[in-house]
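S.K.: Okay, here's what each chain looks like letter by letter:
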Amino acid sequence: MFALTTLKILTAGLAALFFQKNRLTRSWALVLFAGVAAILAYDFGQNDPFEASLWFVHWVKTPVLNLNLGLKTGAEFAPFILGGVAVLLFSLYYNIFYPLERNRLRAGGMYVLIFVLLLFMISAGNIMQLFLSVCLLDILIFVLLPELSAKRLFLSFNLAADVLLFILFSFVWGQENSLYFSALIKFARHSSYPLLAFILWAGAVTLKCGLVLFHNSILELKNISFVRQNFVAAMAVFLVGPLLLFKTYSLMGLVPYSGLVFRIWAAGSLLWALVGSVVSDSLKARILYYYMMLSALMVVLITLDKNEFLQMLLPLIGVGLLISAMMILPLVAAGNEPLVSHTGGFAREMKLSLFCSLAAFVAEAVLLLSFINAQNQWWLAAFALCHFIAFSHFLGQVYFGDVMADERVWAIVTNPSLFYFIPFLIFASMLFTSYEAAPIWFVLSFSMLLFFAWQCPVRRLSQSVLTSSVQEAEPVLTFYKKIFLTPIQLIGRILWITVDFLFVERVMVALLRRMIFILIRMSMFLHQNMRVCGWFFLLFGLSYAALVFFWQKGAF
Amino acid sequence: MPHIPYLLILILLPLCGIFFAMCSQDNDKTKGRNVLSVALLSVLANIAFIIAAFLNASSEYGKMQLKETYLWLESPKIMLSFGVDSFSLLLMLGVHLALLIGIWGVRNDYVLQKSRMIFTLLFLSLINGFLAALDIISFFIFFEAMLIPLFMLIGMFGEIKRQAGLFRFMLYNLCGVLLLFAAIMVLYHHNKGALMLNQISDIRMSRTKEIVVWSSIFLAFLSRIPIWPFHSWVSAVSSGIKNPLVFIVANLMPLSGIYSFIRFWPQSMPDTVVFVMAVLEIISVISMLFIALIGLINKDIQYKIFSFMTVYYIFFLLGSFLPTDQILLNVGFSLFAFMIIFAAIEVLVSFQEDEREEKNLSAEGILYKMPRASAVFTFMVFAGLGLPLSAMFINNFVIVSGLLVYNFSTAVVALLALIFVASALLKELFVRRAKVETVSDNLPEDISKLDACFMWMVAIVLLMSLSDPLWFMRG
Amino acid sequence: MNWFALLPEIFILLTLAVLVLVRLFRDRATPKTFYTLSKYGILAAFVATLVFYDQSFWSGVYENSLHSTLFKVFIYLFAAVTMFLSAKYFLSKDYSSFRFYSLILCSILFLTAGLSAQDIRLCAAVLELGFLLNFYLIRCSGNDDETYPVSINFMIYALIWAVFVLWGVWNLTQIVGSGRFSDIALYYKNNSLSWQLYFYGAFLLLALLYKLGVAPFHFWTADVFGAAILPVGSYLMIVPVFAYYAVFIQLAAEALTVPFELLKPALYAFALISIFIGAIGANGEINLRRIMAYSRIFVLGIVLVLLLVFNQESIFSSFIYLLVSMLALGGVFAAFYALKSKGDYLRRLNELSGLAESKPFIAAVMLIFMVSLLGFPPLLGFLGMISVMNHFVAYQDYVLIVAVMIGIVVLAAAYLRVIKTFYFDMKRSNFDRADTGIYFILLFILLIVLVLVLNPKYFMNDIELALRGIIA
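Residue numbers (my numbering), protein chains in the order written: chain A, 3 to 558; chain B, 8 to 482; chain C, 9 to 480.
Hints listed in this document are in silico derivations from the structure and should not be mistaken for laboratory results.
Take the hints with a grain of salt, since some may be wrong.
[What the hints assert, rightly or not] For lysine-lysine, the following DSSO-like pairs were computed, each having C-alpha atoms within a straight-line distance of at most 30 Å:
hint: 1; chain 1: C; residue 1: K197; chain 2: A; residue 2: K555
hint: 2; chain 1: C; residue 1: K435; chain 2: B; residue 2: K121
hint: 3; chain 1: B; residue 1: K456; chain 2: B; residue 2: K121
hint: 4; chain 1: B; residue 1: K38; chain 2: C; residue 2: K428
hint: 5; chain 1: B; residue 1: K74; chain 2: A; residue 2: K484
hint: 6; chain 1: C; residue 1: K101; chain 2: C; residue 2: K348
hint: 7; chain 1: B; residue 1: K434; chain 2: B; residue 2: K376
hint: 8; chain 1: A; residue 1: K308; chain 2: A; residue 2: K74
hint: 9; chain 1: B; residue 1: K121; chain 2: B; residue 2: K216
hint: 10; chain 1: B; residue 1: K84; chain 2: C; residue 2: K465
hint: 11; chain 1: A; residue 1: K483; chain 2: B; residue 2: K70
hint: 12; chain 1: C; residue 1: K428; chain 2: B; residue 2: K121
hint: 13; chain 1: B; residue 1: K84; chain 2: B; residue 2: K74
hint: 14; chain 1: B; residue 1: K121; chain 2: C; residue 2: K350
hint: 15; chain 1: B; residue 1: K442; chain 2: A; residue 2: K484
hint: 16; chain 1: B; residue 1: K434; chain 2: A; residue 2: K483
hint: 17; chain 1: C; residue 1: K40; chain 2: C; residue 2: K101
hint: 18; chain 1: A; residue 1: K555; chain 2: C; residue 2: K272
hint: 19; chain 1: A; residue 1: K63; chain 2: B; residue 2: K36
hint: 20; chain 1: B; residue 1: K442; chain 2: B; residue 2: K306
hint: 21; chain 1: B; residue 1: K442; chain 2: A; residue 2: K483
hint: 22; chain 1: B; residue 1: K121; chain 2: C; residue 2: K40
hint: 23; chain 1: A; residue 1: K483; chain 2: B; residue 2: K306
hint: 24; chain 1: B; residue 1: K199; chain 2: C; residue 2: K272
hint: 25; chain 1: B; residue 1: K74; chain 2: C; residue 2: K348
hint: 26; chain 1: B; residue 1: K366; chain 2: A; residue 2: K484
hint: 27; chain 1: A; residue 1: K483; chain 2: A; residue 2: K555
hint: 28; chain 1: B; residue 1: K456; chain 2: A; residue 2: K63
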């Protein structure tokens, strides 16, 4: 059943990709959205889609390696699948009417294909299928991204992660001779190089999740259109990264401090994202910083209790999508004005947007707080605080404060069309109705948020030393270029000069060439005058013949 | 059913192609199309025969099939034996596909097309014989004979700037060949007659003799691979070749070194020779690292491709050194995909470089206005990096696993070198895809739709071989 | 006396006589006339040789055997091809070829007589006369400024050697009391060897080495082949080698066994020197014919070193190697007949730049033959090289293996220069049309090479049989 659903969605995606339309693109995008939504609703609504099932095909059958590829479902995968569905439908929906999207049908088809690959990854029954799907996801996302700098950064970081995974899984297979997930448990216990394996694994996960130091792969997406940016970031940060960590959770046993390392890294990411979301001038970059905060939270939650994480995953994804839905409103309203510093005072013209943003934030804040328990309380509280500060600052800058927009922008500022509010309303209402909390909490948090947004005390931070240039710095790439690549290039050049050029060419080859040259000159000299040299050769030959005779006869 | 001498046909068919190529009429009107058609038909016919041979053979590694034996000399008694297993057939198929891509890449180059096709077909015939050789004499015959068409192709069409480099390259290979000749004659004589490749390890000689013979054999094979410190002679020639077909032919030569190692590598290593393996491994990893580093600093794309290929060849060589035959089939699968990928990359790069030179453009952003070339070039580079677009993906995984288990430090260095060459190639890809505005009347011309179709068909072949290039044998 | 045994020689003499008559009495005697007459004479001699292959004219003095027949056959065949090609040369030059053809016939007569001679006096006399005759051959037409000093130098050393030989023969026959090979061999076997006896025998053997052009007695070869006209060069390059080689074996086996044994260390050294001088000398030349002359020295060095073991297998190996090398050299020289520009036959490398562009077939055959000379498979030269290597390995002569390998690499450097000039350099001059006959000859030699390389066993069996008798 699940396999059939996957096949149907795949067909829809391929059809969208290969049957390009240049006219009525929004209508076709609507058809795609409706079709995919209908398939999912029908199939998931009819039967229990997460009933344990297995469909597989023999993939590799060699003397050394025997592998199957399959689609294995179960209840534990439901949050990831539903999360993926949410991201997909969200993106397909916005793909219909977001003004700056070109090639809507092609982009929609890519979203669907990437979603299918995600299903492939979720249902992986062995490490190789997991790795295969991660690599294929990287390729498809690369194809999806339109801008070269975004492609470059995304691919560089993700390929680096793939390399680390490749080495890690080679280790696992080489040692355990098995590619099932159960091998990871044994590997974690008996690995010959546990620290190295942990470094490989942690590096790969943090790269995929876009945590600090490696966040630029996600941050660079700010230069592309909102829908694609949102889809890619959500896929990478909410789904692929955490899923990878989730599936390979057994490797936590490699070193005793593995959880601590991830949490410290996540904490650093949270702080970095907070500062970034405050000082960054780009609206789209702020959305990505929020995603980074969520990613950090997810990593922490997995390391604390992976089963509890599963329960929180879908709400967290909902939160993320909601944030982007809220933050895109001023962007669209101002005619795609991407800089926050060119906004301000939008509350006058966009009261509905402000109200909906406030309400939605309150709803998801209360939702988050409802998941607090003894284990995760500090982390959730910290996240909530960071989220609160960043969002209130955003609201303050955009909706309140001085008007910084120019006349052109100010002339067109108005609430976006109702279509932009529909998904946001759906999410918010689901959140409101699913989780019960005392009304007083809603009122209190609403009021607090409004106050802080209006006062915007964090505004001064954006004038501090932690400016955008610091935020947009690429420490990893800088490290790679200056500390890693430059010395290697220097070593390469030195080796080339000393070994290749000096030793091989100038010494060895020159010596050989000189020797041959001398011999040739000698030969030419000896053969230049037959009359003179002939005597030399003749006498030499006869003398040698005589010498040989006398030597054999024992004369010497 | 009458016995069909597949292997003899595979060797003779290109020679028949040479005959037809020599007879074909080529002038200003036909512009080399006749001889090109002959060459393409010969290669395609050979491919058909290879597939037929596959269908008549089993897919096991090491089980020699379709054997043919011919008495050549009576005194000394020399029988030429040929036979193949799935490994050698796969390599043959890979070579054919690589050359097919190369021939396609030069189809619009009319100058001296006849000579080029004749020598290419000669090379194809000889490499088929080499891959099918079962006894040491026939192995040697084809091992040495390959040098002639190689030299002629590089000299005539390679546009090598320094002829002295080419001479040195040839003489270096010739030294290797002669070492092998001496060693083979010693083995032949010791065995007092015909000796099959898989029987070599059973020969027992005195310690000194064993060391000298095995060292000579391995040195001869190493001379085919750009191994440090002699890599500069090979690299100066290989990376200096502009013609894509000749570049492909020149860079197929290391395959002969690797294949030789695989066939000669003794099942049971004589004790006296165990240390040779350690030396070989050390030289291999030093070479990998060295060449990878130079590839990283070198700005010339041809050198980058050469370093990419060399590092991968040595990687496969390390894989074949592992003390298990089971992995060799995986090495073969990877090699198959690898040959096709680098051939396609070379043809596409050559096209870009021709456009650059013609229109005086820089490499930066050249692919920006060539969407068809850009798409297929990106695919090939990704496949070459080992992403799951070809058989290299899963099979490189197996090889790396083996290396990590048997020799951790070697594996680390090898991986480092692979990462370096991958970085270099990836960087070049991004430079060429950069968005650069050019004057509208000086835009580079994209590859034709036919060329793009051909390249995508190659891509489909690679994708079909993703799990197992021998899928068509397994029913 | 069985005159039938002398029929081949009689036929040649008759042909000579006819040639002289035609020269004297016919006004319009073209090169084709002399060639046609010579051709029939050679053909008749060839047939007669085959028919009366085992007949003796004078027992103990002049006998035909399987051994002498084999070599005579090769001499006639190669001579016939040389004559055919020479006719093309003289036709294009439009001057008299009488001198050339008559001298060639005389030379063949002396060579074949030397092959059948079983008496040392007869053998020495005919061979020395035949060699001295080359003085006139070298002076045949051509540029007298170039050929005159070369011919004089040639004559000087040839006379010196002739004196050595005749002095040696005279004294030896005086001591032994007979000139027959068997008597001489018996004498050497039963008596202690004084230095005089040694030298009398050694001079004969060393003289043959001189005639072959083996180092250190090679100094005349490059000058002569470089200066003489093409027909003379192609004849001297190939034809006499078979005769001197065969006589050397015959003398070493049947007459001068003891001096030969003592001389072996020196011959070993000479062979090694030949290998090196041949390889290195070729690299220092820009004249194609001189390059081939050095190649011949290289080949003969290897042939000599193979002979030293002097058993059935080694003689067989040496002959196979010699034969395939001579075929290749013959092919190269045949191709030289096609290398003409503005009526002049080209010899310098720089004049032949870009040959492959205008004469692809000629360039291709030269490539094939040069590669064959290096012993590259799958060409015929590889057959020879296998015999050589097999022999060295069998006798564990690893020093020679190394020497030959180094020699091949160095010689290959010289050939690569030539190939590069033909194929990789730009065309500088236009080449004249070559006669169709030259293409036929080249094709014929190529076919022989191809057929032999594909199926050598029958051909080698026959040769082995013929050579077997010599050591028996």
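S.K.: If a hint holds in the structure, say so; if it does not, say that too.
M.R.: Hints, verified against the model:
1. K197(C) with K555(A): Distance ~16 Å between K197(C) and K555(A) Cα, so the pair holds.
2. K435(C) with K121(B): holds (18 Å)
3. K456(B) with K121(B): Holds, because 26 Å separates the two Cα atoms, which is no more than 30 Å.
4. K38(B) with K428(C): Holds, because 25 Å separates the two Cα atoms, which is no more than 30 Å.
5. K74(B) with K484(A): This hinted pair is violated, its Cα atoms lying about 58 Å apart.
6. K101(C) with K348(C): Measuring from Cα to Cα gives roughly 11 Å; hence the hint holds.
7. K434(B) with K376(B): holds (18 Å)
8. K308(A) with K74(A): OK: K308(A) and K74(A) at ~19 Å, within 30 Å.
9. K121(B) with K216(B): Violated - the C-alpha atoms of K216(B) and K121(B) are around 47 Å apart, more than 30 Å.
10. K84(B) with K465(C): holds (9 Å)
11. K483(A) with K70(B): Violated, at roughly 50 Å.
12. K428(C) with K121(B): holds (18 Å)
13. K84(B) with K74(B): Holds, at about 19 Å.
14. K121(B) with K350(C): holds (28 Å)
15. K442(B) with K484(A): It holds: about 25 Å lies between the C-alpha atoms, which stays within 30 Å.
16. K434(B) with K483(A): With Cα atoms ~12 Å apart, K434(B) and K483(A) stay inside 30 Å; holds.
17. K40(C) with K101(C): Holds. K40(C) to K101(C) sits at ~12 Å (cutoff 30 Å).
18. K555(A) with K272(C): The given pair, whose Cα atoms are some 14 Å apart, holds under the 30 Å limit.
19. K63(A) with K36(B): violated (52 Å)
20. K442(B) with K306(B): holds (19 Å)
21. K442(B) with K483(A): holds (22 Å)
22. K121(B) with K40(C): Violated, at about 38 Å.
23. K483(A) with K306(B): Distance ~16 Å between K483(A) and K306(B) Cα, so the pair holds.
24. K199(B) with K272(C): holds (28 Å)
25. K74(B) with K348(C): Status violated; Cα separation ~50 Å.
26. K366(B) with K484(A): With a Cα-Cα distance of about 35 Å, the restraint between K366(B) and K484(A) is violated, given a limit of 30 Å.
27. K483(A) with K555(A): Given that 30 Å is the threshold and the Cα spacing comes to 78 Å, the pair is violated.
28. K456(B) with K63(A): violated (37 Å)
Going through the hint list in order, the structure does not satisfy hints 5, 9, 11, 19, 22, 25, 26, 27, 28.
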